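Peer 1: Sequence:
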Amino acid sequence: MFNNSKLATSVKLACAFGSVMAISASNYALAQEEATTEKDAEEVVEKIQVTGSRISRVDLEATQPISYIDDSYIKDRGMTNAITAVLDLPGVIAGVTPEIGGNTAANGQALGQNTISLYGLGSQRTLTLINGSRFISSNSPVGGGGAPGGQVDVNNIPVALIDRVEVMKVGGAPVYGADAVAGVVNYILKKDYEGAEFSYDYTSLNGIAADNSFRALIGGNFAEDKGNIVVALEYNETENIAARDVPGLANDWGNFTPADGNGVENDDGEVPANQVLLVPDPRAGILSFSGLVTPGSTAITNFGLGAWGDGNFYQFDPAGSGSLVSYDPGVATGNAVWASGGDGLNLLETNTAREGYERYNLSVIANYELAEDLNLEVTVFSNRSDAGNQGYQALQYNSGVFGGSGAALSFNTSNPYLTADTRTQLEGLLGGEGDFYYHRGWVNLGQREVINESSVNSYRAELTSFFDVGDRTFDWALSYQKGISSVYSQDQGLNIPKFFAALDVGVNPETGQIDCLYNYTDDYEGGYVAENHGLTDSENILGAQGTCSPLNPFGTPTDASLDYIKYNDQGQTRIEQSILAGYLSGEIFDLPAGGVGFATGFERREEYAEFRPDGSAELVGLSDNSTAGGYTTQDVYAEAIIPIISSDMDIPGLHTLSVDTSYRYIDNDRSGEDSIWAVGLNYRPIEEVMVRYNITETVRAPAITELFLPVVESSQFATDPCDARNLESGPNPDVRQANCAAEGLPTDFASIAQNASRRGFTGGNDSLANEEAKSMNVGIIYTPGWAEGLDFSFDYIDIELTNAIVSFTLTDIMNACYDATDYPNRFCDQFEREADGQLPALNAFTSGYVNAALRNFKAAEYTANYKNDLTDYPLIGDYFDGDDGSLSFRFSFFKLIQDEISNTGFDFTDDHGEFDNPDLIANGQITYSVGDLTTFLDINYTDRTSRNVNQTPYQYIDQNGNPYTEIPSRTLFDFGAVYYVSEEVSVRASVQNLFDWSASPKETAVGLWSYGRTYNVGLTARF
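According to the numbering used here, the sequence shown is numbered sequentially starting from 1.
It is worth saying that the hints were derived from the structure and are not from the lab.
Remember, predicted model here, so these are calculated numbers, not experimental data.
Positions of the beta carbon are idealized from the N, C-alpha and C atoms, including for glycine.
Incorrect hints may appear among the rest.
Unchecked claim - Cβ-Cβ distance ranges computed for the label pairs, FRET-style:
#, residue 1, residue 2, range
1, R826, Y608, 38 to 46 Å
2, V507, S405, 25 to 33 Å
3, F198, L591, 28 to 36 Å
4, S405, A756, 31 to 39 Å
5, D648, R472, 18 to 26 Å
6, D559, R725, 18 to 26 Å
To be verified - With a Cα cut of at most 25 Å, we get these calculated BS3-like pairs of lysine-lysine:
#, residue 1, residue 2
7, K191, K482
8, K774, K858
9, K190, K482
10, K895, K774
11, K858, K895
12, K191, K226
13, K190, K226
14, K566, K482
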């Protein structure tokens, strides 16, 4: 729980874990603490390492905010995943998550993964540690779920083994290395455990799906207590959830331009051009799941395009009878594609709300005293996960608004698969035999099911010891760890040439049966020979003649036809990490205020990742995206804690004062050399008040994807900044106009790149440099002596990120060229113009990852904690006796002040306060413990937000025709209880979303949703 542990009175843990404290949940844990003498407590915490430092210290005071959660908080709430606990902390959000909320895509190499993003700065800028050490990533260089980087899938951390989690904001990089831009999340595991513990949790997501979790923890001493070994076993199962099964997703709303006459006039009596209306059940009126039929190649039912001579629209029977039935276009909006209701395509019918997985974790931590002053610790993880997305879209879409192989399909009424009645009906509409067009989402061919199998194997061995020099004690550690992560993914694809061949049918004169023309037609025009696809002979890509299996486009496909047109696309990821590290720490000399703590260390880290596809994508014309690469970084670091003023000096207004410093030199063989550092200050004017201040400069190293993704040909449209339509746009139109004139382009220039795509190249960039970040935090903590158990904290955070790595489009490159004051710059060399100023059709550009983006982030965090026995509560304590238990409160507030982003360095946008980036988030926990029972109420509040921070009046109209500018606030409540049946057995139950919050139409339109009430019951037995 959020817990203020009963340490020695000289140790103010409230100052160490400034933003969050834990409140003990267990009556037995409290009893055990009370039995511990003050002397014992002081000995236990005499030398403790705090996250962000290798120096063992007594006071535990850090210069950056550190949030802390212990295992009781996790157990009481039935949390079965390591990410769930930290999401209750201010500023912590999920990066990649299986909860994809009806997303229309799936990342096959990242199914089921969970990563952490501090402050929403990107999971690649949050460093996740286990026992203060890095862990092997599972983020594939191709097909990963989040941004490129070495993010840790925290599914690999066994929940039963977690002792506590420490989250350090804006710190840790000089000690732990690159990538800790936003901060560090450190999972600290149980090392010396004796006994056995078995837990089971069952979770029901409002009856939609159920989750199961089994956990076992077994440990004990051996070799006459010289050693200890603890083994954690876990099995977790979560079900795949379709979006259509979640009311909050199935009952969709969208914002679309109102149809003529449906707009709402502003105060000037005009309908703004950017006005959008909130409408229910958005459906794409350009195709249907059973097949929209039109007399011409165009189908835009909102505009009446595709209607037959009788004024009606028709589709094939969704029941699969092969008959024509009427097609309801729904209520038209002013949008060309989307209508409200009707028979158009509803994407949510085929989307996924959550990816399901089965996870098996085995973890072992063993330590052994090799000699009196020498200890060996070995940590082993061996985990496996089987995850799946059972279908997130049809395999193929054909519509008149698409191009290439996705265009509308033309069939003749002589097609033998048409029933007699349907043929008669079509020829009646056409006025005789002729062609008609077919617009369909081919769900009957199967959906894009994706599955993956992933494994993580990691081991770490560490020697620790200490030695004396005079009257000073120094400790040292030397460790080596090796991790290997692999992901095998498989999804289904559609072989387009075979698909078309299977649809091109007639009656085989030899058999009298419907057959592919390819099977019985010499010199079939649809056939061609594959070249340069790894084939060893000139095998026809349609297969041998006679192997084509005909596909009925108007009815149910046969297994044979599905086998012919579909293929499995497979990919394999392998990630390797090896780390050799060591450090030495101790107090090197004394100052009047105390000993100067010092630590120095080194780290050599090798990272390698590869993605190998099976080559099947190339056979259907897709690029080879195989990727492999790695880097080595060799670092050295040092840190010091310098006491300036101590309490026994009795200086008024200067109770204590100390300075923390740290420095790290990084030598990365890909991104070069860098130095990062931090300087912090702890100042107590009086014992009850502490002020902390820290500044840090750090870096993030380019990821393997960003460095080594292969350069492949790409086709892109571009919004040319020198086009006459765009000269008045941009962050500084005068600069843009001057630079375009310097290019020699006339003011009436019209670029064809906006309407005709240009071909160029995109991929990784092995010349990338490190991202750079400067951060500052200042905070104050108040622990009043007049109210034991009460503390308040405030922290202000400021992060400036420069040289950030982004993937540029052709438009981004051109904007960066012409909107810069240093024209011509390096971006101007990444695209070509011909003599007339137009971009060439081929070899027009080179895009990909570049160091260009900027981000300025500012926020404030507030916390208040109070825990005490009811008898000791001010004002009301006299009304209770010693058997009435204890009551604790914890409240935290996260206030976003600025979140300014520029991908090019010139065009800043700040969307803080928008619906997906709220200004204020607050959390509260209220816990009451009495006897063997503990109950808790958790409160999660999100303040109201702007629909769009750049919105104009009357831009957004709700379903009732009223203008709106805000998304309403929401407050969710969770309630639960834990009861100790005996010292060995406890049971728990909880309800999340107690009052069954569901999203309103305004909230649904911006992607907010919930499952409804979620129920958890669990049991733990200890021996």
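Peer 1: Would you mind marking each hint as holding or not holding in the structure?
Peer 2: Evaluated hints:
1. R826 / Y608: 38 to 46 Å: Given a distance of about 30 Å, which is not inside 38 to 46 Å, the answer is violated.
2. V507 / S405: 25 to 33 Å: Since V507 and S405 have Cβ atoms about 26 Å apart, the given range 25 to 33 Å holds.
3. F198 / L591: 28 to 36 Å: Given range 28 to 36 Å: violated, Cβ gap about 52 Å.
4. S405 / A756: 31 to 39 Å: With Cβ atoms ~19 Å apart, the hint is violated.
5. D648 / R472: 18 to 26 Å: With Cβ atoms ~21 Å apart, the hint holds.
6. D559 / R725: 18 to 26 Å: 53 Å, violated
7. K191 / K482: 20 Å, holds
8. K774 / K858: 12 Å, holds
9. K190 / K482: Within the cut-off at roughly 21 Å; holds.
10. K895 / K774: 20 Å, holds
11. K858 / K895: 9 Å, holds
12. K191 / K226: 13 Å, holds
13. K190 / K226: The given pair, whose Cα atoms are some 17 Å apart, holds under the 25 Å limit.
14. K566 / K482: 39 Å, violated
Consistency note: the structure conflicts with the earlier hints numbered 1, 3, 4, 6, 14.
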